[in-house]
Every structure is written in C-alpha cells, then in structure tokens.
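A.B. asks: Sequence:
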Amino acid sequence: MINYSTHALGNPFRVLVFESMGFLIVLFSLPFVMSFEPTTPSTRADVVAFGAGFFAALGTLAIIYAFKNGGGPEIVTPLVNLSPALTVLLMWLFFGAKLNIMQGLGVTMAVVSAVIIARYSP
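Going left to right, the sequence shown walks through residues 1 to 122 as our numbering numbers them.
Since the hints were derived computationally from the structure, they do not count as laboratory data.
The structure presented is a predicted model; accordingly, all values stated were derived computationally and were not measured.
Don't take every hint at face value.
[Unchecked claim] Listed next, with one range per pair, are the computed distances between beta-carbon atoms:
no., residue 1, residue 2, range
1, A45, F13, 29 to 35 Å
2, F32, L99, 40 to 46 Å
3, K98, F32, 37 to 43 Å
4, F50, N81, 24 to 30 Å
5, E74, F23, 22 to 28 Å
Ideal Cβ placement from N, Cα and C applies to all residues, glycine included.
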C-alpha cells in the first residue's frame, strides 16, 4: 500500500501525513474499544514504548524513501518482510537467545535470500 500511495500521491511527505492520520484515528478510538486497568508507571517501559514508536516511524520513512527512489515492490517488500528474521538474529547476538538448528537455518536462509534479491535485482 505504501508503494501505491507513494506513486499515487507523488509526495512522500503526504504519504506520511495520511498514514499518521490513520494512526491517530486508531489511537483515539482505543479508549472506546479497550479497557485499561491502572498500573504502576514504569519509566523503562515508557522509554521502550517511545523507542518502538520512533523506530517504527523511521522504518516507514525508510520504506517510503526506498519506493520513491526507484525500489520496486519486488525488491522492497521482501527486504521489509525480513524484519522478523533480523529480530531473531539480533536477539541471538545481543541477548543470547537460544535457537535450535531449524530456527538458525531459517534465519540464515532468510538473510541469504535477501542478499540475493538485493544483489541480483534488475
């Protein structure tokens, strides 16, 4: 959808504005569809949540930039969908997550396929 909207609107900033508007609609409707129980405030949780939102927005900008600068959906989409494998890889590298042989093989195959797609794309 981001690829389509980037080409249709012709302006990455407009895409970001409309995507942000959609996000705000969902955000402001949350109190009406979910019940929130009071919890003890946690500064660490707040920082992590802020970081997650910041990097999600940064990722969206990177996708828009990739589409705007000639990256077609056949290249950008597989690379974007590599994020779960990269998350597992980073968890293994930085936090010592345990991977069995099948999980390690899956992550390796995903990374190798992304390199092949990026390197040999037309």
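A.B. asks: All hints, please: hold or fail.
C.D. replies: Results of checking the hints against the structure:
1. Between A45 and F13 the C-beta distance comes to about 31 Å, which sits within the given range of 29 to 35 Å.
2. At about 41 Å, the beta-carbon gap between F32 and L99 stays in the expected band of 40 to 46 Å.
3. Taking 37 to 43 Å as the suggested C-beta distance range, the pair K98 and F32 conforms, at roughly 41 Å.
4. For the hinted restraint 24 to 30 Å between F50 and N81, the CB-CB distance of approximately 25 Å keeps it satisfied.
5. A hinted range of 22 to 28 Å for the beta carbons of E74 and F23 is consistent with their spacing of about 27 Å.
Comparing the model with each earlier hint shows no violations; every hint is respected.
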